[in-house]
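Colleague: Sequence:
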Amino acid sequence: MSADRAVLEKALERGEEEGGSIEFKERLSRDVHLSDGRMESLAAQLRHRVLSGDGTATYVVGVTDDGGIAGISPAAFSESMDVLSLLAEEAGAHIEDVETWGVGESADRGLVGVATVCEGAVLDVDDDHIVVGTAGHVDHGKSTLVGSLVTGQADDGQGSTRGFLDVQPHEVERGLSADLSYAVYGFSEDGPVHMDNPHRKSDRARIVQEADRLVSFVDTVGHEPWLRTTIRGLVGQRLDYGLLVVAADDGPTKTTREHLGILLAMELPTLVAITKADAVSEERALEVEREVERLLRDVGRTPLLVERYGVESAIEEISDSVVPIVRTSAVTMEGIDTLDDLFEGLPKTISEAREDFRMYIDRSYSVTGVGAVASGTVNSGSVEAGDELLVGPMPDGSFREVEVRSIEMHYHRVDRAKAGRIVGIALKGIKESELERGMVLLPADADPSPVRSFEAEVMVLNHPTRIRDGYEPVVHLETLSEAVVFHPEGGQLLPGDTGTATVEFKFRPYLVEEGQRFVFREGRSKGVGTVTDVHRE
1 MSADRAVLEK ALERGEEEGG SIEFKERLSR DVHLSDGRME SLAAQLRHRV LSGDGTATYV
61 VGVTDDGGIA GISPAAFSES MDVLSLLAEE AGAHIEDVET WGVGESADRG LVGVATVCEG
121 AVLDVDDDHI VVGTAGHVDH GKSTLVGSLV TGQADDGQGS TRGFLDVQPH EVERGLSADL
181 SYAVYGFSED GPVHMDNPHR KSDRARIVQE ADRLVSFVDT VGHEPWLRTT IRGLVGQRLD
241 YGLLVVAADD GPTKTTREHL GILLAMELPT LVAITKADAV SEERALEVER EVERLLRDVG
301 RTPLLVERYG VESAIEEISD SVVPIVRTSA VTMEGIDTLD DLFEGLPKTI SEAREDFRMY
361 IDRSYSVTGV GAVASGTVNS GSVEAGDELL VGPMPDGSFR EVEVRSIEMH YHRVDRAKAG
421 RIVGIALKGI KESELERGMV LLPADADPSP VRSFEAEVMV LNHPTRIRDG YEPVVHLETL
481 SEAVVFHPEG GQLLPGDTGT ATVEFKFRPY LVEEGQRFVF REGRSKGVGT VTDVHRE
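One point on numbering: in UniProt numbering, the residue at position 327 of the sequence shown is 327, and numbering is uninterrupted.
Source of the hints: derived by calculation from the structure; they are not laboratory data.
Bear in mind the structure is a predicted one, so any value in this text is a computation, not a measurement.
A few of these clues could be false.
Pair by pair, the computed Cβ-Cβ distance ranges are [claimed, not checked]:
| no. | residue 1 | residue 2 | range |
| --- | --- | --- | --- |
| 1 | S313 | R284 | 18 to 28 Å |
| 2 | G429 | S29 | 15 to 25 Å |
| 3 | E26 | E90 | 15 to 25 Å |
| 4 | D445 | V485 | 28 to 38 Å |
| 5 | N462 | D190 | 46 to 56 Å |
| 6 | E90 | E388 | 13 to 23 Å |
| 7 | E26 | S366 | 18 to 28 Å |
| 8 | A75 | D396 | 48 to 58 Å |
| 9 | D396 | S73 | 22 to 32 Å |
| 10 | P395 | L286 | 54 to 64 Å |
| 11 | S313 | R257 | 22 to 32 Å |
Cβ coordinates follow ideal geometry from the N, Cα and C atoms, glycine included.
Sequences are here, hints too, so could you generate the full structure?
Modeller: Structure (structure tokens):
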């Protein structure tokens with residue numbers, strides 16, 4: 001059997017698995033298939049196929065009417081998906097998933113793809129959605145706890161539920177997270193809406209579709225060498241709450257204190273989960289609770305034991321100054337119901353500071369047949385498919401015009417995303433290689449000015465000596481992590497000092513605004529700051 005024939009059979013098997021009526025198309029074009037009269041006819045045909053397939057139809061694109069291999073260029077495939085999306089919208093349906101295969105010789109490989117079209121318009125998710133960032137020492141059970149929360153499944157004592165979040169092979173093998181992970185679950189009037197298997201895209205999409213209230217987790221990294229990634233997760237995402245994890249068998253560590261300091265510096269309302277309660281005696285669990293209480297009081301915060309004062313009190317009192325504490329075990333599921341009740345009742349804390357759309361890019365990747373995708377958390381405003389945007393600044397300070405091809409949230413296609421949503425936005429008009437972390441997406445009519453330097457109020461949390469003029473740390477602001485040069489007013493800053501400084505990017509400009517908070521670090525030296533003024537180019 002030829003390789004191309006094997007690909008086609010795989011595509012057909014994929015289509016049959018989706019259980020819908022199957023349609024073969026070589027390609028779809030705007031000029032031909034969206035012309036007057038043709039669009040209505042094709043939309044009606046698509047609607048018929050969806051209804052005949054019990055709510056699902058499968059379109060195999062890149063093949064002839066009799067199932068022969070054709071293979072089309074990435075540009076033609078992308079246009080075909082755009083046209084199919086418009087036809088589906090006209091028919092009251094939406095594209096749920098697309099899978100592609102390359103065919104032909106390596107020099108001119110074409111694409112064959114399977115698009116699954118499902119009944120129902122693309123959702124406009126406009127619920128009370130909160131985003132929670134986890135923090136804590138390595139091996140204190142962050143990912144395991146989140147895995148049990150989103151699945152409702154108990155851990156086997158060996159970190160089985162952690163595997164739902166660690167997606168890289170070396171993460172699974174070593175049991176250590178090395179990058180940010182994302183998870184979601186939700187609540188309906190019947191209680192928690194859990195995932196059966198978070199590795200299935202369709203399972204995550206189902207949560208978005210079924211839940212009235214969503215809780216998204218940004219799971220950070222506890223290992224010291226990846227502190228930069230942890231800071232990116234806590235600073236670069238639009239978080240409503242922090243969840244600090246402390247293991248009962250280990251207690252608070254230096255990393256615990258460091259992560260708590262970052263959460264508090266970002267003025268983020270925080271909960272503490274004491275994990276692994278099943279692994280210690282009651283006396284040890286009480287001892288760790290007291291250690292956590294002392295730690296919080298040492299930094300000017302008031303601990304609130306949820307077991308003693310209740311969930312309603314915790315929801316009412318949580319703030320920059322009050323930190324609820326919950327004892328948990330992912331093995332026995334102790335405390336999981338309490339966390340469910342908290343996350344179901346906690347109000348959204350991020351308010352709309354502005355009306356216009358803004359999203360700092362955290363990740364970028366390329367999807368065959370779709371193109372460049374920018375992923376991140378929407379900072380403000382809302383964005384819809386078809387919107388024209390600006391992306392930048394590029395290394396030379398310019399901004400590029402792009403168009404929103406489609407939007408996904410936890411693998412579920414949505415037609416609009418508003419502030420606080422963690423989304424992937426497919427962009428037309430730019431290559432993935434041109435996108436960088438720290439760039440920002442803005443409305444097309446915005447008039448952004450790149451920033452090379454800014455003034456800031458800074459506090460030095462830790463430094464072996466003193467910060468002098470020319471000090472070069474890395475600044476973490478929104479999703480950007482960039483080397484800068486400090487010019488402190490008065491020429492120096494001592495540990496514990498609060499003062500002003502001019503901060504200058506070393507290599508390229510970014511979009512920075514007054515009021516944004518940041519963390520800076522270099523080796524064991526760390527500090528926090530707030531932008532007070534910017535020097536626009």
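Colleague: Kindly confirm whether 22 to 32 Å is satisfied by the beta carbon distance between D396 and S73.
Modeller: Because 30 Å falls inside the window, the suggested range holds.
Colleague: Between E26 and E90, does the beta-carbon spacing fit 15 to 25 Å?
Modeller: Since the Cβ atoms of E26 and E90 sit about 21 Å apart, the hinted range of 15 to 25 Å holds.
Colleague: Could you say whether the range 18 to 28 Å given as a hint is met by the Cβ separation of S313 and R284?
Modeller: holds, 26 Å
Colleague: Confirm or reject the claim that E90 and E388 have a C-beta distance inside 13 to 23 Å.
Modeller: holds, 22 Å
Colleague: Between E26 and S366, does the C-beta distance stay in 18 to 28 Å?
Modeller: This hint holds: roughly 24 Å between Cβ atoms.
Colleague: May I ask you to test the hint 54 to 64 Å on the CB atoms belonging to P395 and L286?
Modeller: holds, 55 Å
Colleague: At the C-beta level, are N462 and D190 separated by a distance inside 46 to 56 Å?
Modeller: holds, 48 Å
Colleague: Determine whether the Cβ-Cβ distance between G429 and S29 falls within the hinted range of 15 to 25 Å.
Modeller: Distance hint for G429, S29 holds at roughly 19 Å.
Colleague: Starting from the range 22 to 32 Å, see whether the pair S313 and R257 falls in it by beta-carbon distance.
Modeller: holds, 26 Å
Colleague: Within 28 to 38 Å or not, the Cβ separation of D445 and V485?
Modeller: holds, 34 Å
Colleague: Should the hint that A75 and D396 are 48 to 58 Å apart at their CB atoms be regarded as holding?
Modeller: violated, 27 Å
In summary, the one numbered hint that this structure violates is 8.
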